[in-house]
Amino acid sequence: MNKSKHTPTFEASAKAYLSNTQLRKNIGHATHTIREKRKDAVDEMPDWEKLREAGSQIKTRVMRHLDRYLLQLEESVKKAGGHVHWARDAKEANQIIVDLVKQKQVEEVVKVKSITTDEIKLNKALAKEGIQALETDLAELIVQLAEDEPSHILVPAIHKNRAEIRELFRKKLNQKELSDRPEDLAEAARLYLRKKFLNAKVGISGANFGVAETGTVAVVESEGNGRMCTTLPDTLITVMGIEKIIPTWQDFEVFMQLLPRSSTAERMNPYNSFWTGVTDGDGPQEFHLVLLDNGRTNVLKDEVGRQTLHCIRCSACLNVCPVYERTGGHAYNSVYPGPIGAILTPQLKGIEDDGVASLPYASSLCGACYEVCPVKINIPEVLVHLRGKIVDEKKRNGGIKQKTDLEHIGMKMMARAFQSRSRYERGQKLARTGQKLFTKDGTISKLPGQLSGWTAMRDLKPIPDQTFREWWRKRDE
Amino acid sequence: MSDSKSEMLSTIRKALSEVPDSESPGDVELKRDYLQKGKLSQSEIVELFAERVGEYKATVQRVKESNLKKVIAESCKRENVTKLVIPEGFDKELLPVDIDPLFDNLGSPLTHLVLDQSDGVITTCAHAVAQTGTIILDAGEGQGRRALTLVPDYHLCIVREDQIVELIPEGFSAVESSVTKEGRPITFISGPSATSDIELSRVEGVHGPRRLEVLIVKD
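Respectively, the protein sequence lines represent chains A and B.
Just so you know, we're using UniProt numbering here: the first sequence kicks off at 1 and counts up by one.
Just so you know, we're using UniProt numbering here: the second sequence kicks off at 1 and counts up by one.
Wrong hints could be hidden among the right ones.
EDC-like mimics (lysine to aspartate or glutamate), calculated; alpha carbons at most 16 angstroms apart, straight line [said to hold, decoys possible]:
{"hint": "1", "chain 1": "A", "residue 1": "K78", "chain 2": "B", "residue 2": "E182"}
{"hint": "2", "chain 1": "A", "residue 1": "K121", "chain 2": "A", "residue 2": "E149"}
{"hint": "3", "chain 1": "A", "residue 1": "K79", "chain 2": "A", "residue 2": "D280"}
{"hint": "4", "chain 1": "B", "residue 1": "K5", "chain 2": "A", "residue 2": "E74"}
{"hint": "5", "chain 1": "A", "residue 1": "K301", "chain 2": "B", "residue 2": "D153"}
{"hint": "6", "chain 1": "A", "residue 1": "K78", "chain 2": "A", "residue 2": "D280"}
{"hint": "7", "chain 1": "A", "residue 1": "K196", "chain 2": "B", "residue 2": "D116"}
{"hint": "8", "chain 1": "B", "residue 1": "K5", "chain 2": "A", "residue 2": "D67"}
{"hint": "9", "chain 1": "B", "residue 1": "K14", "chain 2": "A", "residue 2": "D459"}
{"hint": "10", "chain 1": "A", "residue 1": "K201", "chain 2": "A", "residue 2": "D234"}
{"hint": "11", "chain 1": "A", "residue 1": "K195", "chain 2": "B", "residue 2": "D153"}
{"hint": "12", "chain 1": "B", "residue 1": "K5", "chain 2": "A", "residue 2": "E92"}
{"hint": "13", "chain 1": "A", "residue 1": "K195", "chain 2": "B", "residue 2": "D116"}
{"hint": "14", "chain 1": "A", "residue 1": "K196", "chain 2": "A", "residue 2": "E213"}
{"hint": "15", "chain 1": "A", "residue 1": "K201", "chain 2": "A", "residue 2": "E108"}
{"hint": "16", "chain 1": "A", "residue 1": "K446", "chain 2": "A", "residue 2": "E425"}
{"hint": "17", "chain 1": "A", "residue 1": "K301", "chain 2": "B", "residue 2": "E7"}
{"hint": "18", "chain 1": "B", "residue 1": "K181", "chain 2": "A", "residue 2": "E213"}
{"hint": "19", "chain 1": "B", "residue 1": "K57", "chain 2": "B", "residue 2": "D219"}
{"hint": "20", "chain 1": "A", "residue 1": "K50", "chain 2": "B", "residue 2": "D33"}
{"hint": "21", "chain 1": "B", "residue 1": "K31", "chain 2": "A", "residue 2": "E53"}
{"hint": "22", "chain 1": "B", "residue 1": "K64", "chain 2": "B", "residue 2": "D219"}
{"hint": "23", "chain 1": "B", "residue 1": "K14", "chain 2": "A", "residue 2": "D302"}
Just so you know, these hints were derived from the structure itself, not from any lab.
With the sequences and hints as input, model every part of the structure.
Quick look at the structure:
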């Protein structure tokens with residue numbers, strides 16, 4: 001687990017990204033387009049709310065009995081001819097995969113987009129051993145070629161527009177005559193990856209779902225690169241977070257309605273692959289499933305935070321978030337950006353890191369994310385819960401420094417003032433005199449010294465000359 | 001049991017200490033009161049399927065059984081297909097006479113390279129779903145292994161009217177036993193290969209077949 005204190009805070013990172021107008025334009029355009037489309041895709045479903053409820057209930061069931069379902073999944077996959085590996089953390093998962101790939105004596109593997117493998121930094125681990133992991137999803141390829149980081153769950157290159165992508169392809173794919181039509185850019189990627197697919201010996205994928213009952217693993221995608229990676233190589237290695245389990249094949253009828261409409265805003269995305277172990281003469285003849293914890297059990301043990309594990313990575317919450325829309329995904333300094341990232345990252349990594357601990361504050365608590373979440377994760381509830389935990393953590397570990405912290409003292413004084421009416425009214429009077437220096441045109445927009453934090457992001461209304469109570473008392477006289 | 005496995009399981013059990021030992025998964029409430037059965041008539045279902053597949057920019061034709069062979073020949077001609085991949089179990093009677101068939105079977109599978117150099121593939125399907133315009137393949141007779149409908153650039157798929165169901169739950173239920181009993185791989189195809197990765201606008205045609213044609217056959 002990452003205990004370093006070096007991640008920048010959201011506030012600091014956001015400031016830099018906010019001043020990048022091209023980025024804001026790209027992200028604003030993309031999120032608004034998909035937001036409208038999602039609404040149409042959802043509105044045509046008369047039973048949407050019932051599906052959401054069922055999705056939430058299935059995931060609740062899975063989490064409460066995760067140990068059982070994992071064992072059942074393992075048994076099913078083995079019965080179907082696959083191998084199952086258990087990895088407590090990123091290091092262990094990477095080691096398992098590196099060893100498997102080395103056994104096959106290949107220098108290159110093809111990869112389907114998988115945030116889980118981004119989370120464990122698998123590509124780096126493979127590169128250390130001289131193995132190149134080739135990203136085959138168009139957006140991941142763009143990010144990889146640009147030596148950049150993903151900034152969105154569904155569309156990792158959302159921060160780049162077509163002109164920027166054309167420049168990148170011209171340089172890196174040696175395509176001098178390329179236009180910026182998305183069709184031509186997609187064609188360039190097709191040509192570049194074609195030979196790689198046909199000759200690949202090892203494919204690596206993530207998993208959208210794993211079915212305990214049957215051992216079936218599902219990958220949901222659009223381009224066909226997922227089918228290529230999970231069908232053509234001789235060996236397939238799939239990394240799956242332990243929370244991706246669903247109990248039965250039937251449960252797909254719920255999630256495969258919720259996911260596409262919430263994610264790409266389509267009735268159905270072009271390709272869904274469901275494979276069960278290995279099939280004679282069809283697809284990879286060797287299949288490995290790596291079950292990954294890497295902090296997920298931390299999330300599980302928090303009864304409020306647990307619902308975070310219900311996430312099916314659709315990214316609808318990113319697309320409606322007023323904060324994400326303006327800062328973009330990089331400001332979150334995590335492979336999981338947006339509202340879901342703001343609750344998932346702190347729970348996976350722990351809140352000792354100041355940067356990570358700043359994420360639950362990257363929200364206005366407007367609740368739009370909760371409204372669109374296909375599995376009803378109450379993101380605002382978890383955000384507030386985590387904020388509470390962060391404050392408690394500070395209190396516990398802050399020592400004398402924390403006790404003399406002005407915010408802490410201020411909060412203590414506030415608490416005392418609110419405890420008694422006379423103290424409260426005295427405080428009001430005091431503030432009314434004190435605020436005169438800082439009030440301008442009926443607002444306070446700049447407080448001095450330690451208090452400046454209050455006005456750094458917002459204006460304050462001054463305390464009025466007469467409160468309602470004062471008016472009422474006067475009226476009786 | 002490996003160390004990692006036993007440690008992960010015990011961490012999970014500790015994390016779930018508030019869950020009573022007596023509780024079984026079935027005790028956790030789950031209401032499936034969403035739509036599981038459609039209400040449309042068979043002809044409306046076929047109509048809806050044709051419309052929704054069409055919206056994905058696939059070519060859709062409705063043909064009579066007696067006309068099928070002729071339409072297949074016309075489609076191949078229009079798409080300039082001569083090297084046509086034929087899965088095991090596909091009805092050879094339906095094949096046009098002037099093509100160069102590439103037969104794939106378990107004993108002598110076509111190589112990736114041959115598939116790549118072919119002009120297209122013709123298959124049947126297991127089922128189809130009208131609600132989402134989805135074709136379901138289960139690698140059965142006439143559909144072949146998964147690579148066949150993936151590598152060639154043109155996929156001509158024959159869907160019989162009685163294979164079409166209305167809703168997604170009906171589709172999953174229709175192939176359930178292929179998975180639970182036979183462990184077959186299942187592929188859902190909804191339109192040609194596409195991407196929304198550039199500015200979130202949909203572009204048809206990346207790695208899978210860029211042209212999908214669906215022939216809906218009335219018996």
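Status of each hint after checking the structure:
{"no.": "1", "hint": "K78(A) - E182(B)", "in the structure": "holds (15 angstroms)"}
{"no.": "2", "hint": "K121(A) - E149(A)", "in the structure": "holds (11 angstroms)"}
{"no.": "3", "hint": "K79(A) - D280(A)", "in the structure": "holds (14 angstroms)"}
{"no.": "4", "hint": "K5(B) - E74(A)", "in the structure": "holds (11 angstroms)"}
{"no.": "5", "hint": "K301(A) - D153(B)", "in the structure": "violated (49 angstroms)"}
{"no.": "6", "hint": "K78(A) - D280(A)", "in the structure": "holds (15 angstroms)"}
{"no.": "7", "hint": "K196(A) - D116(B)", "in the structure": "holds (12 angstroms)"}
{"no.": "8", "hint": "K5(B) - D67(A)", "in the structure": "holds (10 angstroms)"}
{"no.": "9", "hint": "K14(B) - D459(A)", "in the structure": "violated (47 angstroms)"}
{"no.": "10", "hint": "K201(A) - D234(A)", "in the structure": "holds (5 angstroms)"}
{"no.": "11", "hint": "K195(A) - D153(B)", "in the structure": "holds (14 angstroms)"}
{"no.": "12", "hint": "K5(B) - E92(A)", "in the structure": "holds (12 angstroms)"}
{"no.": "13", "hint": "K195(A) - D116(B)", "in the structure": "holds (10 angstroms)"}
{"no.": "14", "hint": "K196(A) - E213(A)", "in the structure": "violated (34 angstroms)"}
{"no.": "15", "hint": "K201(A) - E108(A)", "in the structure": "holds (8 angstroms)"}
{"no.": "16", "hint": "K446(A) - E425(A)", "in the structure": "violated (24 angstroms)"}
{"no.": "17", "hint": "K301(A) - E7(B)", "in the structure": "holds (15 angstroms)"}
{"no.": "18", "hint": "K181(B) - E213(A)", "in the structure": "holds (11 angstroms)"}
{"no.": "19", "hint": "K57(B) - D219(B)", "in the structure": "violated (25 angstroms)"}
{"no.": "20", "hint": "K50(A) - D33(B)", "in the structure": "holds (6 angstroms)"}
{"no.": "21", "hint": "K31(B) - E53(A)", "in the structure": "holds (8 angstroms)"}
{"no.": "22", "hint": "K64(B) - D219(B)", "in the structure": "holds (7 angstroms)"}
{"no.": "23", "hint": "K14(B) - D302(A)", "in the structure": "holds (11 angstroms)"}
The structure is inconsistent with the numbered hints 5, 9, 14, 16, 19, although it conforms to all the rest.
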